[in-house]
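Take a look at the letters that make up each chain.
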Amino acid sequence: MIGLVDGNNFFVSCERVFNRRLVGRPVAVLSNNDGCCVSRSNEFKALGIPMGTPYFQLKDREASGELSFCSSNYELYGDMSRRIISILREEAVDVEQYSIDEAFIYPPTTAAADYTAYGRRLRAKILRWVGIPCGVGFAPTKTLAKLANHIAKKRPDGVFLMPDDPTEILASLPTNEVWGVGRRLPVKLRAERIITAQQLRDAPDDTIRAVGGVTLLRTAMELRGIPCCDEKDYDATPDTVSCSRSFGTPATTFAAIEESIASFAAQAATKLRRHGLLAAGCNIYAQVFAAGGGGDFVDRTVVFPVPTDATNEMLRAFRPEIPALFTPGLRYRKTGVIFFGLEKPGSPQQLDLFTPDSHSPFPVPRSSSPLYKAVDALNARYGKGKVFSAAEGIGPRPWQMKRAKLSKRPTTRWDELLTVR
Amino acid sequence: MNAKAKVSGSVVAGFPSPAEQYLEPPLDLNELLVKRPAATYFVRVQGDSMVGAGISDGDLLVVDRSLRPADGDVIIASVDGDFTVKTYHRDKDGIRLEPANQAYPIIRLRAGQELDYFGKVTACIHRFVGKR
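Line by line, the protein sequences are chains A and B. According to my numbering, the first sequence is numbered sequentially starting from 1. According to my numbering, the second sequence is numbered sequentially starting from 1.
These are computed hints drawn from the structure, not numbers from a lab. Check before you lean on any hint, since a few could be wrong.
Using 27 Å as the maximum straight-line C-alpha spacing, the simulated DSS-like pairs for lysine-lysine come out as follows [to be verified]:
id, chain 1, residue 1, chain 2, residue 2
1, A, K384, A, K271
2, A, K402, A, K384
3, B, K35, A, K125
4, A, K405, A, K386
5, A, K154, A, K125
6, A, K408, B, K120
7, A, K384, A, K344
8, A, K384, A, K405
9, A, K384, B, K120
10, A, K125, A, K153
11, B, K35, A, K408
12, B, K92, B, K120
Derived list of chain B stretches under chain A, where covered just means 3 residues or more per stretch with a C-beta under 8 Å from a C-beta of chain A [claimed, not checked]:
id, segment
13, 37 to 47
14, 59 to 67
15, 79 to 85
Beyond 10 Å from chain B on every Cβ pair, some chain A residues (computed) [said to hold, decoys possible]:
id, residue
16, K154
17, E343
18, A377
19, F388
20, G393
21, G395
22, P410
23, W414
24, L417
Ideal Cβ placement from N, Cα and C applies to all residues, glycine included.
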């Protein structure tokens, strides 16, 4: 049996734990740069305002006091997610975190007698310890557990166990509600007269394979109750680590391009070091601003002399390429850095005979230098960006994310604790 | 260059340290004050409403959300949207939140009004040096 636990309206729920004035009100959390609604409270959904609605269209209704908004407080959401996962690890045999607010769990054998009761207990514990309401769905496969979770969220107790024969339930769900089917496949499936999840489950393998290949066949198998989802698919080493962001207002200077890229590289490199990974190289890019969206991308790929996680070595390698991204007179929407060729230190690699350090008799792959261990420790302790490379610039940082409605970070910053009177 | 050798427990050559088998990890305040990290939150006191209970302005409170409130516990709750630290009392007249300072009023919950409980205060950290 597999369970899927996921936080209801997760970002909004996190905000409500520390701001009780938001309880019972229509609230939405906004995307990066306060762009659009990415998490909505039930009261907000009830007003019929869809996910992804741009914030500027709703400003009037905020001013009138009807709606409330928060900027994305990732520091807070990340910590609350960590707390939930640690509770799940205590209560389940194994936990696979799928996203910031979702995790698959493998219940202990003692839960088998009554999965619903186990789910309720789990839900109550998370609600009390962390303050986040969750939906809990159980089924024999992940794809079915996802569906069970959707149903669970609509129930007052928040828990649902998929019945042994889910035919009736599957017959009531269109294929696009099935995990992994996406938006385009339902159109193709319709041509084969496959409209419901039940029809997908019962269709001949050949038909399924012809429409969506092995991936869709796997989904169908999962609907039949046969686990086919590779367990550690998304737990594995990430293929790439990246950092990018849109400028609050379009950038027009070379300094803005150069400093933003250096800053994103530093952030992504911190991520690399946290995963214990080295990058073989990186892709740096800038997107030209075009009214109404779109805009050309310019990019350069840089391969590092030796795979590394040291920010200064990366900067040295890609800085000469930055001028190629910039054309004076153009306005830029966005810049970013993507690291690729990620590996753990000590994995086999070829050393460049001419890299400055390769005169060492022992070809040791670069791993976190003491310098960056210290930098990461200082930034973890005193706040992100306290210690940084001069290349990131020391002036104002217009590329930094706009979070005008950012709440406090009461679980990760000593100077932003909740105050009580 | 980091020329320092790493020291580990299993040294083959030389004299073993006589203290080695007695080595223990150093005392850790987290171990003492935070029993359940997933349910523990820190909050800052503002004002002197609980000064009689040894809780002063600027103190840091350790709060455990996993513990249910019992009569006489110091708790954190939200009243009309604001968080407050008070002593929790429950009897036949209902729930009341008492300050430990005569200058502040007792908060009584109206009949049917539910307590918006945040957590139980398990420790108070009062610093004499390096406040805030």
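Are there hints from earlier that the structure breaks, and if so, what are their numbers?
9, 22, 23, 24
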